[in-house]
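Asks: So the chains spell out like this:
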Amino acid sequence: MSRAIPTTARNSYRHISQLLSKPAWSVRALLPSEPSSTPTITPKQLHHLLRLSALPQPSSPAAEASMIATLESQLHFVRAIQQVDTTGVEPLRSIRDETAAGSEDATISVDSLKDALENEETWGHCQRPRRRRDAPVDTAGIEDWDVLTTASQKVGRYFVVKSAKGAGTPES
Amino acid sequence: MPRIPTSELSRYLLAGQLSRRGCLRASRICLQPVANFQTRRFASVETQSTSVPPTPLRKQLKEQAKALKASGQKKKKNIDNQTVPGWELTVGIEIHAQLNTVRKLFSPATTSFNDSPNTHVALFDLAIPGSQPLFQPETLIPAVRAALALNCDIQRVSRFDRKHYFHWDQPSGYQITQYYEPFAKDGRIGLLARDGIAAEDGESIAVGIKQVQMEQDTAKTTAQPGEAHWLDFNRVGMPLIEIITLPEIHHPATAAALVRKVQMMLSAVDACVSGMEEGGLRADVNVSVRRVDDTSGKLGTRTEIKNLSSFKAVEDAIIAERDRQIAVLEAGGVVEGETRGWSIGSTETRRLRGKEGEVDYRYMPDPDLGPVVIDPQLVQRLASSSGVSPDVETDQLIEKYGLTAKDAISLLALDGGARVQYYYNVLDALSELGAETDAIVTILAANWCLHELGKLTEVSSDLGMTADGECKVPSRDLAALLHHLCRREITAKVAKELLWAIFRGEVAPGGVTEAIKDNNLWFNELSKAEYEALADRAVEGEDKVLGEFLRFADGKSKAYPRGKLMFLVGKMMRAGPEHRMDPTSAERVMSTRIDDIYLDALGNKQ
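Chains as they are written, first to last, in our numbering: chain A, 1 to 172; chain B, 1001 to 1606.
Next comes chain A alone, as it looks inside the complex (with noise of 0.2 Å):
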């Protein structure tokens, strides 16, 4: 858009071209200035975190050790994004659309569920509502696959995984 620049805006890029003529900050902030030389982290505590996100356990003494010092240099940019203060600011989870039409349209209505409240009856004495079981539901494109073909081992149609012995459930 070409448009005629008043001048005090043009005064303000001029001091924008100043601004970023020389940084004011390095990405070098964020990285510790010597490796780790009290380590925070216990080698108990990196094989809990391993464990938590199903990663192997290091292999060697040194392997451990150099885990622990990534985990150092990783905690430190951490520790700085910590500092910001961000009371008041709500957290961006995703980008979406904010306005108010786009807030409308992600609306769950009743119109947007006509379909599904129209396969419903009311039945009996009490006037409850029951879904009808036996209406058609069409899964073109989403069931036709062959969904055995990612198993690794099967029996039947069925996955097969195998346990170590005391391996327990941790949720259901």
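Read the hints as simulated data drawn from the structure, not as lab findings.
Straight-line Cα separation of at most 27 Å, DSSO-like style, residue types lysine-lysine; simulated pairs:
id, chain 1, residue 1, chain 2, residue 2
1, A, Lys162, B, Lys1163
2, A, Lys114, B, Lys1185
3, B, Lys1455, B, Lys1517
4, A, Lys162, B, Lys1220
5, B, Lys1455, B, Lys1496
6, A, Lys44, B, Lys1163
7, B, Lys1306, A, Lys162
8, B, Lys1220, A, Lys154
Use these hints to put chain B onto chain A, whose structure you have.
Replies: Relative to the frame of chain A, chain B by itself:
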């Protein structure tokens, strides 16, 4: 004193044998090697006890029952295990319920139950790289109705979060749930005495619902021998709601009653697929104890017992865990915050994992999913189409139809809610036949729908009850039967026989009246004169029995000898043509004739 087993009682009453268990036997054993005279002395003691006639024992049993009743301990089962003196129990419950939807929570694959394994799986359900979650808005229909039934505030905006853990039943390495901003909050569930809460909770109690959230189910694992597990991903990603109560429950029976009521309320609004028995509902309980005189105001350390799959398991697991914690504390130990398991039929909970093994779920907002924005009008629409609530229905059954609370609850619970609909169908058919549906008829119909129908089969599923309330005994036919019975056109005995015939398919649908006609089953009742003749014959040679009535008439005995009256009526019934007699009529005639005629005659004789 414990109840005496029937076998022991019958040995005593029929064969005059006294049990030698307990103190008698113990003494005998230890006395065996001792001198002869002592054994003899004991033998004589035994003879003495066996020679006592049976009546004192019966009296003794009666007195025991009386004493038990007087002490208020008749319901020993409940009172015994609901509280532990000096300790307060606190319980919070998390209930997972499978939502009744066509499709999964984040993929358009269909929900299924017992279908061929791995046939309803979308790419996203297996976390195939590049696949994205797609919230299925229809999920809101059962989810919102369930939350409304629990009196929750439905949030206009709610969001999904990832809960991370690695397990084979969760291909993406995280479960999508609503941790930070659930769709429903601050609910409440009211529980009444009739719902089966502990006696200590009185007539009613309200338990707060902290929140209700939508989340994904996991794949179904079947353990196989040799450390192998078979996986069926049909279940992965199916929609669940998790209902979290506040820790406001203090008695095990109340906890079980809450889960039972939640199941009833969810199924009333068609929100869940199946009940606890079929695995559609699972409960986790958080249990802690503290001393009654604890002044810190803080609850004790809690443990969580996961995956309880029946109402009884909920109650039993809480009792076992409470008792374990109390034992630990009384021994000077400390309760560890840990996760425990429970197997049906066991007597104690078992440790699954402690704090150190605790998973750090690293909850984070799911960036792939937008917020769920619910239009308040949709909430209104779902509320207005939820029908009559089970509480209101129970009130109606009690107040309008005159049922007892127990019968009302049974009627509602049977056949997954279909039995009560059958009852309404019978009542409708009765009014179509022109019957007055007053309390006499509604109570009679309820008795038949519950008890007489119940006698037909060992398990109620054999009745073939459909969701619309029809079964092998069509509601119209039962109504026709009851209509004839109410008008005293058939006897109760004939009615019961006919019910069997209808159940076995021997009476064509709609052919009840025909069947009565064809088999000449009409109740052709004896005339008054005929009843009187039978009564006269029955009292012949019963002067002694009649003497009891005289004693009552003369004020020499306080209670009317009703037993004797029924004895005489029984004689009448046996002497006469039973199919033409109604015990009530026979009783009326007999009682009138005793007062008007027999007693005078007896007085003259004496």
